[in-house]
Amino acid sequence: MPSVVVAGIEKRFGDTVAVDDVTLEIAQGEFLTLLGPSGCGKSTLLRIIAGLEPQTSGSVSIDGRVVDHLRPKQRDIAMVFQSYALYPHMTVSQNMALPLVMRQLTLAQRLPLIGRFLPGSRGARAAIEARVREVAAALEIDHLLGRKPGQLSGGQRQRVAVGRAMVRHPRVFLMDEPLSNLDAKLRVQMRAEIKELHRRLGITFLYVTHDQAEAMTMSDRVAVMMEGELLQVAPPKTIYAAPADMRVATFIGSPRINLLGGVVRGDGAVEVPTAVLDVAAGLSAGSTVTVGLRPESLALVEVNGRDTFRGTVRAVEHLGADLFVHAEVEGAAEPVILRADPAAHDGLAYGDAVCFAPRPGAALLFDGEGRRTGLDVPAPCGPSPALGLRLDDAAFRAAGPMTVPRPVDQWR
Amino acid sequence: MRLASLSMAGLDLRAGSVLGPARAEAVAGYGLAAPAFLLIVFLIFLPAFGVFVIAVTDWQFGARSLSFVGADNFVEMMDDATFRAAMFNTLLYVAVTVPATTMLGLGIALLIESGRSFRAFYRAAHFLPVMATLAAMAIAWEALLHPTIGLVNQLMGDLGLVRPNWLRDSALVLPTLMVIGIWQNLGLAMVLFLAGLKGIPRDLYEAADVDGADGWLDRLTTVTLPMLGPVSMFVSIIMALRAFEVFDTVRVLTQGGPGDASETLLHTLYVESFEFLRTGYGAAVTLVFLTIVVVLTLVQARVLDKRVHYT
Ligand SMILES: Nc1ncnc2c1ncn2[C@@H]1O[C@H](COP(=O)(O)OP(=O)(O)OP(=O)(O)O)[C@@H](O)[C@H]1O
Ligand SMILES: [Mg+2]
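Residue numbers (the numbering used here), protein chains in the order written: chain H, 1 to 412; chain V, 413 to 723.
Same shape as in the complex, but just chain V:
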């Protein structure tokens, strides 16, 4: 009996030991998943947990002691004018740039797709800002927007218009950053839409032609837009994630100013944690930010599951 079971186990190549084959398979499975699992734990879960722990303390970076303060950091956040401004500005920024980028990206993709010549050139031209380092690009923008010698204001002056101080005027600074953000992400939206357009079967357009939906508007509403539905959803969520993360332009161009007029979540987080070294408070802001991003990601996952294929 013992001999028989031994020889059976010996024959089972998957097992390679006296464990039952199902157990052995499970062990192999866990073994193979372990490296990725450990990476996730050490790179994502532990740091996130660390942030959570720090967020309920008053730790300051470099300090030797810390004490538990409970929800104090969060309570303070509610009363903090800078944080409230950052939250409001970020939401406004998202609310304006996401629809604008998505629609402009769609429009440009449709134009490129309907044209015959220079397609590759237009694609590359619009995609360049996505590839460029935004910090470097921001410096170029700063030069363009310089109140006296910037190209934009020189043109405005030549046209006899007012020459505003784009980055120092508290009413203009956020819209200016929005325009830069749209410019930067437009290419990504466009490329995603172009891919979506390529995926629309040609015979749907032909069926629409035969069925009488052959004007450009009818084609758009009968075939193109509905077929792009899933892609549009995907694009707007990606754009929302990127908009929530707006940081480089703020850091390089305005540092959140004037006043709190261009303060954003990620910038506040950075300033609190690494300039004021109020790590506990920064961690609390991080948690708020993380929550927003995670919720968006979950929504995206659900939507993509549901809407990529029409079933």
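Isolated chain H (complex conformation):
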């Protein structure tokens, strides 16, 4: 049974369509990231799943149960807000305890002073306190329990927000850009910690971000949204190597993918400015296509074959390990960017004539509507990958505090 099912969700604010007919299934224990530029409707979709915003149409189910009519509390979710939304007048420990206090104590037991002396109150409070301590220890914030949020750093606040979400055992963890307020270094570190947390809890995570590095490093699958529309849901590698849509291809990858206008020839090859590429377009002769070439799938070459581009160097960027060459190609709207080996091509300078060719099979073809085309294109929304076993809470406790190696930032 999938953990979360979003079926045909649409959300309108007056005339704006914030979420446009999104259908999505999230598997048990999966880490799924909603990725998209600012204003594409990620938060809105997340808030609809949380029950904070009513949808215009469509339906949300959690663990096989339709939750459309349920309030956030009854949906059994936990949420980390972008602003953390910690209660400024409560201590860290009170903040973290609140979800448990609200659920496990009666109204009378929650009363100030008197509540403490009601039957059962003491035991319940002690249990809550123990749980808060345990979670705080796992997040390494146990020394901060007595402080108020105003006395914490951004990173510490973020941990408290995660801790408040963790004290219960929610069915789904929802996170709305939880790292966007942190500095770059802390962001990379917290990325790894959240991923580790997911591994240990085994709970379904739905994570919203506009940062592709976060999406690529943390997720089992990435769902790319744009203008309210869900464009592709696939594992990070697939999103990068086989984008289903030109907008996905452009959004992911830095420097961005090169896009060249082309025409399908009679022999099935595609003619692009200064070169002819042998790709199986699967389209009739004369159709126009867009060819996408990632900078690292182009290589400087000496020989001049029919698939070789000819250009003039317009800029050279030395980034230490990489060398990016911007080459102006006659007939192309923008300079083509390609990655070269800095050791081999150190001498390149403005105005040099260069030849470069794509690696075999690297070219991505998009049709007139921007959809990926070609004979080897899979369906846009692939199945979710096999997932690891769900760890129980005992395993989580035994695992002790987090120590995670830094992830390799491979998707820069």
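Just so you know, not all the hints are guaranteed correct.
Stated by the list, open to error - Calculated pairs, DSS-like style, for lysine-lysine (alpha carbon to alpha carbon, straight line, at most 30 Å):
# : chain 1 : residue 1 : chain 2 : residue 2
1 : H       : Lys185    : H       : Lys148
2 : H       : Lys195    : H       : Lys73
3 : H       : Lys148    : V       : Lys610
4 : V       : Lys610    : H       : Lys73
Claimed, not checked - Covered stretches of chain V, as calculated for chain H (at least 3 residues, CB under 8 Å):
# : stretch
5 : 609-618
6 : 638-646
As the list claims (entries may be wrong) - Output of the computed footprint for chain V on chain H, the stretches with three or more beta carbons under 8 Å from beta carbons of chain V:
# : stretch
7 : 70-79
8 : 85-91
9 : 97-110
Calculated directly from the structure, the hints in this document are not laboratory data. Just so you know, these numbers come straight off a predicted model, no measurement behind them. Glycine included, every Cβ here is placed at the ideal spot set by N, Cα and C.
Since the structure of chain H is provided, determine the placement of chain V with the ligands on it from the hints.
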């Protein structure tokens, strides 16, 4: 050497003279602060000092001579039944109107904020008394409260109730003035609370929803009231200051009567100074009043410093 220092001073635009730059900056600073400083001295400190000087004399307004009497005015105050009544009435007035205005203001603000329609109308309707001149409003109240032809008593009579003489009955006069005072300041409290409510981040309520505090009472106790803490403090101090200053209604409606039943500090002060022309004694009352107001203001400043932001 002399040439060098001269040219250096000449180059220093802030100085514009041969003074050192730090001195010159200080001079400029004092120069800029001087007008405000002089205003404060002439409009506040000197008059306050003048009041203090007069308070230890037996000067009567218009008299050509005066003599130093030390603390006599204050001693007399302690034995003065009118002053004691004024002090007691004022404290009672403050003790009743401040909590009442604050809580009613909060309640109305919460109601307006939770409703969807006519918000602007309700806001304006409740704020009108704050804007209106109280002396004029007091006359309207007098008409309303007239023992025989006033609207209030006509209604009471229609309902078969007693028709009290609101402003002439020594047991009723102070409560009546309190109601008018609450009516007048309610709008101000409400507007301040509305501003405070607007300042509560929406995601705190959403976090409360997710955390399970989603009933109205839980939302109120988890988010709204704690987040309004600083505003409430501010509102109650403002209300206390305004309540201590109650004067217009007393002057227009009761002149402190019947007997001393509605005598208040500011009214006593006015009567002593400008009707009985006992300026020395009036100044002594003023000092007492001033002390209360200054203490309240200091408390307010401290509280606001501490509690506006939760840190
Ligand atoms: N309450 C609202 N009223 C009207 N329009 C709204 C409201 N909330 C969101 N929108 C609109 O819906 C669209 C999607 O907003 P949303 O907050 O989901 O974007 P987002 O993808 O989370 O962006 P960001 O990365 O900046 O947080 C935007 O165009 C926004 O202006
Ligand atoms: Mg957002």
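Structure-based check of all given hints:
| no. | hint | result |
| --- | --- | --- |
| 1 | H/Lys185 x H/Lys148 | 24 Å, holds |
| 2 | H/Lys195 x H/Lys73 | 25 Å, holds |
| 3 | H/Lys148 x V/Lys610 | 22 Å, holds |
| 4 | V/Lys610 x H/Lys73 | 24 Å, holds |
| 5 | 609-618 | holds (count 4) |
| 6 | 638-646 | holds (count 3) |
| 7 | 70-79 | holds (count 6) |
| 8 | 85-91 | holds (count 6) |
| 9 | 97-110 | holds (count 5) |
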